[in-house]
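Undergrad: Please model the entire structure based on the sequences and the hints provided.
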Amino acid sequence: MKRSSSWRRRDALYSLILRQTFGLQALTIALGLTLPPLVIAPLHIQQRLIDDALPAADMALLQMLVLAYVGAVLLTGAVKFSVTWLRGWMAEIVSRVLRAALIEAQRKRPSSAAHASLGSATSVLVAEVDPLGGFAAEALNTPLVQGATMLGVIGFMAYTEPALAAIGVAALVFEAILTPIVQIRINRLTADRIQALRRAGFDVIDAAEAHRPGCVVAGLGEIRRAYWIRLRMNLLKAGLKVARNLIDHAADIAVLALGATMAMRGETEIGVIVAFLSGLRELRGPWGELLDFYRRFADARIKYRLVIHAIAGGADPKPAAVPTPLDQLA
Numbered sequence: 000m001k002r003s004s005s006w007r008r009r010d011a012l013y014s015l016i017l018r019q020t021f022g023l024q025a026l027t028i029a030l031g032l033t034l035p036p037l038v039i040a041p042l043h044i045q046q047r048l049i050d051d052a053l054p055a056a057d058m059a060l061l062q063m064l065v066l067a068y069v070g071a072v073l074l075t076g077a078v079k080f081s082v083t084w085l086r087g088w089m090a091e092i093v094s095r096v097l098r099a100a101l102i103e104a105q106r107k108r109p110s111s112a113a114h115a116s117l118g119s120a121t122s123v124l125v126a127e128v129d130p131l132g133g134f135a136a137e138a139l140n141t142p143l144v145q146g147a148t149m150l151g152v153i154g155f156m157a158y159t160e161p162a163l164a165a166i167g168v169a170a171l172v173f174e175a176i177l178t179p180i181v182q183i184r185i186n187r188l189t190a191d192r193i194q195a196l197r198r199a200g201f202d203v204i205d206a207a208e209a210h211r212p213g214c215v216v217a218g219l220g221e222i223r224r225a226y227w228i229r230l231r232m233n234l235l236k237a238g239l240k241v242a243r244n245l246i247d248h249a250a251d252i253a254v255l256a257l258g259a260t261m262a263m264r265g266e267t268e269i270g271v272i273v274a275f276l277s278g279l280r281e282l283r284g285p286w287g288e289l290l291d292f293y294r295r296f297a298d299a300r301i302k303y304r305l306v307i308h309a310i311a312g313g314a315d316p317k318p319a320a321v322p323t324p325l326d327q328l329a
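The sequence shown begins at 0 in numbering that gives the first Met the number 0 and counts up by one.
Just so you know, these hints were derived from the structure itself, not from any lab. Note that CB positions come from ideal geometry on N, CA and C, so glycine has one too. You can take every hint at face value.
Taking CB as the label site, the calculated pair distances span:
1) Leu-219 to Ala-162: 51 to 61 Å
2) Ala-29 to Ala-175: 26 to 36 Å
3) Ala-311 to Tyr-13: 12 to 22 Å
4) Ala-77 to Ala-25: 12 to 22 Å
5) Pro-36 to Trp-88: 24 to 34 Å
6) Asp-51 to Arg-184: 49 to 59 Å
7) Arg-280 to Thr-33: 15 to 25 Å
8) Lys-236 to Asp-129: 11 to 21 Å
9) Leu-230 to Phe-21: 38 to 48 Å
10) Ile-269 to Ala-190: 44 to 54 Å
TA: Rendered as structure tokens:
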């Protein structure tokens, strides 16, 4: 797919991302798909080290396993470095295209329309484009690579000990149900906060041009509104993080309790339990990335819609009455 350097009004979010970064996305995915076996390899090495090398006092096997572990870690680091660098490149491409589109749109507007949209334009140029660029950098490779990594770890765990694997999967299900419920509320607050900051920018610009102190007061009110909205967003995010941590710890305790019981009965080995605890940690990495990706995707959809409105020439709404802190927290 040939990359164009311009934005098109009909571009949906993923259409824009694919048109601008398709080649880099494909390269990033190809590199990222080497990660699942590199993540699974240390889990198998740990199990063999505890169950095979140590009981047999086999130094040659121990050295081979240690070297294999170090090699897997170093190769994983090299791949992650390359993926991170490519993502940064893609983020800047998309940010540049959106900023250029906005500047070009402002240039073509009549002076009255350009002034009416000045608050939005300033906000987009300064702050709103960068999160969209960051999302574009991971729009395809994160769900594919992290999903593949997670499935690989689950497959290893299920093959090794299905009963213990069921505990890890159950924890994921609880978190998958909880996260969208909280995220829907955060999405609404995100849109409200962006609009408030845009109105504040317009008020400051209008006050500077017309020398009307009342506009500055209105702008301060919008900033205060954005402040209270951010506090509510932080409260929801912190609550979600704590809930996910509690679920993770509950899964650890359950694996330890069930695994210890099975080991006492001779139904499994200590190395399996150690590998499972490491597997849970490895599972939380890609799973956390997928949940965070869902949050960033929902956030990016809202922000892209507002950015498109600004590029298309939508004027900023008039500043609304600023609610009190008690109104905001109700």
